[in-house]
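Participant: Position chain B against the provided structure of chain A, taking the given hints into account.
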Amino acid sequence: DVKVTQSSRYLVKRTGEKVFLECVQDMDHENMFWYRQDPGLGLRLIYFSYDVKMKEKGDIPEGYSVSREKKERFSLILESASTNQTSMYLCASSPRVGGEKLFFGSGTQLSVL
Amino acid sequence: SQQGEEDPQALSIQEGENATMNCSYKTSINNLQWYRQNSGRGLVHLILIRSNEREKHSGRLRVTLDTSKKSSSLLITASRAADTASYFCATGADSWGKLQFGAGTQVVVTP
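Sequence lines, in order, name chains A and B.
In terms of the numbering used here, the first sequence opens at residue 1 and continues consecutively.
In terms of the numbering used here, the second sequence opens at residue 1 and continues consecutively.
Simulated DEER-style distance windows between Cβ atoms:
1) A:Pro-61 to B:Ser-24: 22 to 32 Å
2) B:Arg-41 to A:Asp-59: 19 to 29 Å
3) A:Leu-41 to B:Ala-93: 12 to 22 Å
4) A:Thr-15 to B:Thr-20: 36 to 46 Å
5) B:Glu-15 to A:Thr-83: 34 to 44 Å
6) B:Gly-59 to A:Lys-53: 33 to 43 Å
7) B:Thr-67 to A:Arg-73: 30 to 40 Å
8) B:Thr-20 to A:Leu-41: 21 to 31 Å
9) B:Arg-50 to A:Asp-38: 21 to 31 Å
10) B:Ser-51 to A:Thr-15: 39 to 49 Å
11) B:Arg-41 to A:Thr-86: 15 to 25 Å
Heads up, simulated BS3-like pairs for lysine-lysine below, C-alpha to C-alpha not over 25 Å straight-line:
12) A:Lys-57 to B:Lys-26
13) B:Lys-26 to A:Lys-101
14) B:Lys-26 to B:Lys-70
15) A:Lys-101 to B:Lys-70
16) A:Lys-53 to A:Lys-18
Because the hints were derived from the structure by calculation, they are not lab data.
Each residue gets a CB set at the ideal place from its N, CA and C atoms; glycine is no exception.
Looking at chain B on its own, in the form it has when it is part of the complex:
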């Protein structure tokens, strides 16, 4: 079953702008993660936020989590052409790595 749902499905911005994408999920979670996928390749882990955290930063990435609304957002600041990729949220209900993924947001950053 698909746990996370990303919004929007696609996003087109110019270099230097910020990109924001959202993820909603349905059941209780232990953690929420964001992954990036370039051009049909494997996924790369970006950031993990636990259910007792509200905000986390990593470089140009900022993730928020609102467990009362069962939603998360990923903000990429000062985007670059190299940020062009698909971004997936994934929810984990345990510490064993079994994740439920959403359908992803396709981000295109134009120079």
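Chain A on its own, in the form it takes in the complex:
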């Protein structure tokens, strides 16, 4: 089975801190995604990547950046955390061929105080 691992289940940070959320997948997938999930809004796409060192903005990239230095790892960076970035963050991956179906990690619940 595909495993997508997010480094932290819960994270508490202070306003203005730089925050790194890490995601690793073990199935050699080319595509990786970061979503945030908020009640009543569903999942919204922040950034995605189709290959190493490639990144594309999603629907809500403001305040975020990403890094994909290795194929298996996709990092989400909050340059200066703000309270409105308190949310559940979900990482997902899929293969390039037949890649419609996403495999999700367990999520990181981030609280910014």
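Facilitator: Coordinates of chain B only, in the frame set by chain A:
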């Protein structure tokens, strides 16, 4: 932007009953998928239906797609307590896995 919208927002049924939830979307799609999320965890893929398909089955799941009405429905037959979860529809416009999700339907199945 939120592409899919689920209806109802919440559903409470008893074990053995069927659960039906609907999804409407706004733009042309390549495929529509349903995912389940248990208790704030990650999402798990349930079923995918392509734009040229009208109905698909997987175990106790039945999905229909009406592209003329831009809508889909998910039916869970003979529900179990373990089906308690949130269910999300997601639409894909390409084969690259970039999906637009709805806000979800929260289903509670009581024994």
